[in-house]
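Novice: One letter stands for each residue in the lines below.
Protein chains: 2
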Amino acid sequence: MNWVNSDLLFLPVGGSEEIGMNANLYHYQDKWILVDLGISFPDETDLGVDVLLPDFDFIKSLGKKFLGIFLTHGHEDHIGAIPYFADQINCPIWGTAFTIALLKRKLKESNNNTKLVLNVLSIDDKIELGDFIIKTVQTSHSIPDPVSFLISTNEGDIFHSGDWKLEQAQNLNENFDLDTYRSLANNGILAMVCDSTNSLVDGRTPSEDFAYQGLYETVKDKKGAVLITCFSSNISRIKSIIEIAFKTDRSILVVGRALLRAIDAAKEVGYLKNIPELLNLKDFNIISRSNILVVATGSQGEPNSALSRISRNGDKHINLIKGDTIIFSSRKIPGNENAILKVQNRFLDNGIELITDEDKNVHVSGHPAREELIEMYSFIKPKIAIPVHGTREHIEAHAQLANDCQIPNVIKPRNGEIIKLNSLVPTVLDKKNFTTNVFDAGEVVPIDNARFVSRKHTLWNGFVHISVVVDIDGYLISPPLITQTGVSDKNNMEDFLLDCSLKIESFFNNNEFQNKISDDEICDYIKRNIRKDFKLSFIKRPTINVHLIRI
Amino acid sequence: MNWVNSDLLFLPVGGSEEIGMNANLYHYQDKWILVDLGISFPDETDLGVDVLLPDFDFIKSLGKKFLGIFLTHGHEDHIGAIPYFADQINCPIWGTAFTIALLKRKLKESNNNTKLVLNVLSIDDKIELGDFIIKTVQTSHSIPDPVSFLISTNEGDIFHSGDWKLEQAQNLNENFDLDTYRSLANNGILAMVCDSTNSLVDGRTPSEDFAYQGLYETVKDKKGAVLITCFSSNISRIKSIIEIAFKTDRSILVVGRALLRAIDAAKEVGYLKNIPELLNLKDFNIISRSNILVVATGSQGEPNSALSRISRNGDKHINLIKGDTIIFSSRKIPGNENAILKVQNRFLDNGIELITDEDKNVHVSGHPAREELIEMYSFIKPKIAIPVHGTREHIEAHAQLANDCQIPNVIKPRNGEIIKLNSLVPTVLDKKNFTTNVFDAGEVVPIDNARFVSRKHTLWNGFVHISVVVDIDGYLISPPLITQTGVSDKNNMEDFLLDCSLKIESFFNNNEFQNKISDDEICDYIKRNIRKDFKLSFIKRPTINVHLIRI
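Protein chains in written order, with the numbering used here: chain P, 1477 to 2027; chain L, 1477 to 2027.
There may be inaccurate statements among the hints.
Each pair may be met inside one copy or between any two copies, as identical chains are not told apart.
As the list claims (entries may be wrong) - Distance condition first, Cα-Cα at most 20 angstroms in a straight line; then the derived SDA-like pairs of lysine to any residue: (1) Lys2003 <-> Thr1959; (2) Lys1859 <-> Gly1632; (3) Lys1808 <-> Thr1867; (4) Lys1818 <-> Thr1867.
Think of the hints as simulated: they come from the structure by calculation, not from any bench.
Take the sequences, apply the hints, and build the full model.
Specialist: Here's what the structure looks like:
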């Protein structure tokens, strides 16, 4: 511990070296609060896991000094890790209505701790916690109810932006003016911790109305069925799509569990109140194709999604044919390009017209582009700029921009760095070695757990099972049994395995083997030799497991 | 067989539904020739293989009717599959000098068939083979000695473009004028089979001089060491880099086997003859950093490449530090985005300046953009346009462009389609079901081989080995042995496995087990039950292998 109680500290747990896993700690007067606790997705599939989690050990070690979790909004990369750590969280959680509504559904689906205390925040709420005061500041993003936090302490105020853009979603009744941000600076802001997602994108991010218009123009002239895929939590987009369906005389069908969950949560908290009834999927075949608008999950090419199923003509109810149109009202999250391309190519193969945001204005981002970042710096005028929420490339670009905005101190944080804010120049006091975690076999384990190494090795090499039965004196009492899985099915495999068995038998003719060396040494000897033979015959080094049974 | 001997047929074996694996067959008078035989790379890593190959079975089945292979240029996606099928190829291979020089080196490295007959083609060579006449037409690309082929028959001429661009590489003394293409059309061209790679890119592809200038402007002001990574076979780029090194007073170091192989091949055929001597890598540390220019392979983020090693500070000789610059003089091949990003982020993490073709003009493509395609259609004026070399999206865009150019017939081919060209309207006569192959365990096998299914299942679930020894009457004579690999290392695993062993023991107390059911049924019963328990305790369904040994 290189800090004292009165230090105001910022400690990024995740999200400062990758897209996703956002989790940021603040310390003051020996107490800690956390903003967000998100997941990320592996960009390689040779790990055999589907979710990445931030390191929770340090947070857990804080015990009663850890006072609360504040959620900026309901996206997976901000709330997704909560169900995995639910039984280790002993403090209350705060979030706006839609965020909490989504979180509740996720906790329920994962059958996790219902004892969590979930508090609903309203705009401008002030929560006093230890020596922190956390104020909820309205913002706009691609999900309902997003907020920034103004975290006040006696050592200075921090503006934690969360994910934001300046253009409001009119159809969610978002309503704030830029004076809100200007007035924050009245008392002086010590540090701004800010979204870097679009720090490489010039200009401004347009409003949702831009996507609405682009979608409407695209849909209105189509003759066949239209399917639009978008992010399930983008309720503003879904409202746009529903309105476009109404204006173009199409009925709405919704496919996909995540979409239905988000729509349900939106209804609960007062959005989507007066929407027309959603059609039953069974009605797809009885309505004229020109009167159908389907909304489906799967814009990232997820193999188990509704969209992927439809692209393979494998859905029970929905099928697209030549003359129909598929619209991707979404962006490609880096890492998903191939999966998306596969789904898109299947539609193209079937003669379906494909429209993406590269063809028409059918999507807008939820993050600030460079001009908006510059504007925000002019409003908030922080003494310290701390770009987060991005890879090194995003954070570097954002830091350069903050420098150009004449922000006196610009920090490029890394996960695990303990950064003291209340000194003349912000200083890294220490660095925690945080490990990315994964959820596997019902538990959270570090990504470098041995099981992944052996599984990955097996993916490339297959595995071999050898059983050897010997009597009390170490003599073989049946032929060694050897089988392989996933190495090769070449014709010569059976003969090869027989040769291996004979070879193992010959080992036991050697006196050394008979009780003179340990069982472990025998097994190792067999493994080593048989692996060599596999290498020679099949250019493979399978995982070999030897069962030596003495009777 | 739905065709007659006199049919002029086009049959894409690979490359018409993906990037890579280019291989295109032509038939006339009961004889076949093949243009190119390339590989592709898997875009998913959960297969445990690193190379994809086109289906060779049909080609093999042609026997003596298969007369020859013609190579347009030396890129992996055009020649890379030859070493894998070398022992099945019984016909001569033709290619230009650099292509054959590269192929020879690849065949040598893979220890394959040196009996292959490799013929060197010059520009304007005419090869008569069966009733085909194949003429070599000079073109330009991102590798030395690329050619198009004019394939003439009594039923009409086909222009097979290969990979091309219109702007020549001056520094390779490429020299052809557009009249060459215009004159081809004098006798009328039946069909043009043409590169679709950049069919979504507007405008024209600039000449190599554009990249030269951009690289020079970028390098000249740098104070530290500069490392440039590019495609190893891009000899024109390498010449540019060597010249820039000379002009900026830097010595050249070359890192990476593929680069050295390509430079060696280029020297053999007369390129790179008078280049300054390459420095020994050991000299890296004795030269001032401002006098160093390193060229390295690894622009696609390949984990085993020189560049990846350097980014991890793991190279014996070369290391980059703050103040140095890394330049990616290359494009991102779709599917490699994440791997590239990882390498780039490591450099950024170490404070090294990163420059890509998004920042500066440090790369040009080797493929024709839309304006060049339009120009080529105006030269060749084919009756039939056949876009190849791309995914469905590329081929669709190229086909639309050909339509807009008023080409009377536009075909969007799919791998395996047998397309008759010599009829009023080109017609698909038949479709072969070609399977993508992979190279695994020393053999070429279909991608849907069972071994990959079991390996992938194991990647996600781990595996379990059970050995059970019973006497002649079916009574257990030692406790069942059960071990797991890669499932979980939770604390309770040992107890769980002991419980499993006891459970299996209890099965044998059941009379049914004692010789009343077959060994296979016993093994299945054990598997089924133990898998259920694993599912309950670890949310995993491991692959289970049971050895039942009777003594």
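Novice: Enumerate the violated hints, using their earlier numbering and listing them in ascending order.
Specialist: none
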